[in-house]
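2 protein chains.
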Amino acid sequence: MQKPSIPKGTRDFGPAQVARRQHIFNIIRRTFESFGFAPLETPTLENLSVLTGKYGDEGDQLLFKVLNSGDFAKDVTGADLEIGSKALLPKVAEKGLRYDLTVPFARYVAMNRGTLTFPFKRYQMQPVWRADRPQRGRYREFYQCDADVVGTDSLLCEAEIVLMMAQVLNGLGLDDFTIKINHRGVLRNIYQALGGEGRESDLFVAIDKLDKIGRDGVTKELLERGFTEATVETLFELLSVAGNYEEKLERLMAGFVTAGVEPDGPRPTAEEPTEVPVAYRGLTELATVRDLLAASGFKQFDRLEFDPTLARGLSYYTGCIFEVKINNVLMGSVSGGGRYDNLTGSFGLPGVSGVGFSFGVDRLYDCLEALDLFTATAETPTRCLITHFDAASGRAALPLLAQLRAAGIPSELYPDVSKLQKQFKYADAKGIPLVIVLGPEELAAGLAKIKIMASGVERVLPLAEVVTALTAE
Amino acid sequence: MQKPSIPKGTRDFGPAQVARRQHIFNIIRRTFESFGFAPLETPTLENLSVLTGKYGDEGDQLLFKVLNSGDFAKDVTGADLEIGSKALLPKVAEKGLRYDLTVPFARYVAMNRGTLTFPFKRYQMQPVWRADRPQRGRYREFYQCDADVVGTDSLLCEAEIVLMMAQVLNGLGLDDFTIKINHRGVLRNIYQALGGEGRESDLFVAIDKLDKIGRDGVTKELLERGFTEATVETLFELLSVAGNYEEKLERLMAGFVTAGVEPDGPRPTAEEPTEVPVAYRGLTELATVRDLLAASGFKQFDRLEFDPTLARGLSYYTGCIFEVKINNVLMGSVSGGGRYDNLTGSFGLPGVSGVGFSFGVDRLYDCLEALDLFTATAETPTRCLITHFDAASGRAALPLLAQLRAAGIPSELYPDVSKLQKQFKYADAKGIPLVIVLGPEELAAGLAKIKIMASGVERVLPLAEVVTALTAE
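Going down the list, the protein sequences come from chains A and B.
Position 309 of the first sequence, counting from 1, maps to 316 under my numbering, and the rest follow consecutively.
Position 208 of the second sequence, counting from 1, maps to 215 under my numbering, and the rest follow consecutively.
Okay, chain A solo, but in the shape it has when bound:
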């Protein structure tokens, strides 16, 4: 006999878990929609020609590939087999599973360029799949919730990302959060301050590992990559600049001026440029985002940190970058994003810039669970169970059952003739809050007994008044 199982890194979600996950989705959806983002859904299966090469070599490895249907091996030759999987792959698989929501979004924008109204604001809440090694907070099937605006370079979009991040986390009751913000322009200026040119990505990749390998590890890596000890010293002075948001902006600017970094900003934007004596694009934009937040009534500046060490890896970001941590749980970032200048270039539509961010629902779920922030969730939506004594009283309950449902009270009649005790046990196990007892005596007298399970309180009411009484409950 086969013992059933599910693939590692995947999960079943029972009734209580689905209800809790829906709670998270609803708060995110309401926030996205409140800011004018419209929903988009893309297929689970994408052509590998769309997915491959978009996520780096490691990403290509982690893509789930789907076997062609029918006689998939018909074009495979013995020579292919000798070379191995690499030669076989293009002959046996043309499709893969969605790996993130950004590439499908870019594909959608490129395919529908003629009919979309720009700026185009979309949100997308769908699962993605990665053949990663499963571990804490990392699954092979997990949900992302993305919101992106393309077709505008207004910094209002950056400010609204911070507002949305805070609104969702506050809505979930996750108060102890830090929204980290940085700007690729700041990292570029830092690189210039070190006297570097053209190898920014080496620096980004090394800084990105600061969390994991620490200052010593990063130093070692940078020395190996040909940076000098003096340079690395300057780097850490700049990265560890102290103070609040504004103070860090000022001190970094002073550092850039001292190092002779050529001013490169502000680029022209719709907003009033913040007045700064020397204009570096990254610093200016970060100042503007802060001003727009203040003008929008944002109050949680103690949870917004300008972190010059935030790099967000090798990704395609070109402007502001974001990352959110929940401080009182040991968990990777629960949200992140940034501005990009060329989302759809690889799909034949250059020059589409935009900014977006993503929530990891599964990590938010794990945080809420770790902090015990979920309210008790029943195993069923049923609010009322009608119990009965025999087939006749069961059948006599059918009109009441229909009335309860019509009044919007999810209800069940226990389907079998069973001992009352068993019926109550069913209500108890599922967390059904109200039980109606309809025995022959009650029916003969035109009455119903209602028991509130939590308190044990019982009331006897005329049958005709039950629906009204429970609607008020």
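It cannot be assumed that every hint is accurate.
Where chains are identical, the list cannot tell them apart; a pair therefore holds if satisfied intra-copy or between any two copies.
Lysine-lysine pairs mimicking BS3-like chemistry, simulated, CA-CA at most 25 Å apart [to be verified]: (1) K81 x K306; (2) K10 x K61; (3) K187 x K456; (4) K81 x K93; (5) K93 x K10; (6) K98 x K81; (7) K426 x K98; (8) K332 x K81.
If you're looking for bench data, these hints aren't it; they were derived computationally from the structure.
With chain A fixed as given, assemble chain B onto it according to the hints.
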């Protein structure tokens, strides 16, 4: 440059389509929950050991299989290659995509037998994948919405399936529907009336094709399978029995009695058995379901048809079977289901009987579209766009924007400084119903101009009264 595309049989859903699909999901979800069904979600990826052999040979062919990650070809030998795909498959793929919601449900029940409370009522609304040839109403990725009860043989469950089918279709405005009902016991009795034994499935499969190949085609097939002409004649007399629901029950009973079919019912149930002079299980149960519907206040008996030709193929049904057609659209069935006696047997948990049914959301969508039953849907959830003249008036609008959102009115500030005409065009293209104009004059006077896009009506209001006015809008 790569021209992006999506795999055939898959679809992108833009904002208006997602909104329309959500409308369908919401009505189905509310109905399921109103009847006490609790949500379950299972992974997209299932082990092929769970999926294979559950859907017949054709189903095994139509399963999407997922390549093992890493060096998937490492165990493939030249000998495998000579045999072909059949030999390669088990070496390169261990997982597949969910093909329906029933097998994962059975797997879930078997895996969690120890912790579930029975009767267990679950609903599940998730996509499934089949490598079928795409055609009208048939996609490779499509949604099913299933509700099942396991652990009770009460016919109340069957009656409630009819109630739920009708409630969903009425809720969607699809009034011209027919819910067909039959019983595997009736088909078995018909088979016995023909003098047959032990080859019922031949008969079921042939009858199932009546819609497609007609009486002549079915006759030809049955003669080839060894049935006599007289038998086929009797068969069609029984299948084409005329009258309403009750009349058909009576006439079939008379036919079975005449043919000397041994009584086989009623099986013991919790309900009062309907009084019939000779008890055939199928007919008795169909009569009981009708009685329970009447007792529940069901009024649409003109849309419930007892159809003795309904067979629902080779599937595992053992009791009542259901199928729903929308009569005024050319479209396959939009819903179907039935009772089964041994859902989880292949997963080591025998004797779990239950009854369930499924809605095809994509077909419901196509029906609603064909009948023009969708109300106009905007391309955005945004209710209000704030337009502005320059960076200063845009920034001055931020407090109002925050107030509108806090009041539950999804709102946007046009992000760029643009001509007013362009901003209005944006509102128009997206179907945003309200536009606020905040120019320097309005701001100086503490006023805002509100334009209702549908009527063109404009009002000028003190800024402080805007949110209250729009909340009432």
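### Query
Which hints, by number, does the structure contradict?
Numbers 1, 3, 7, 8, in rising order.
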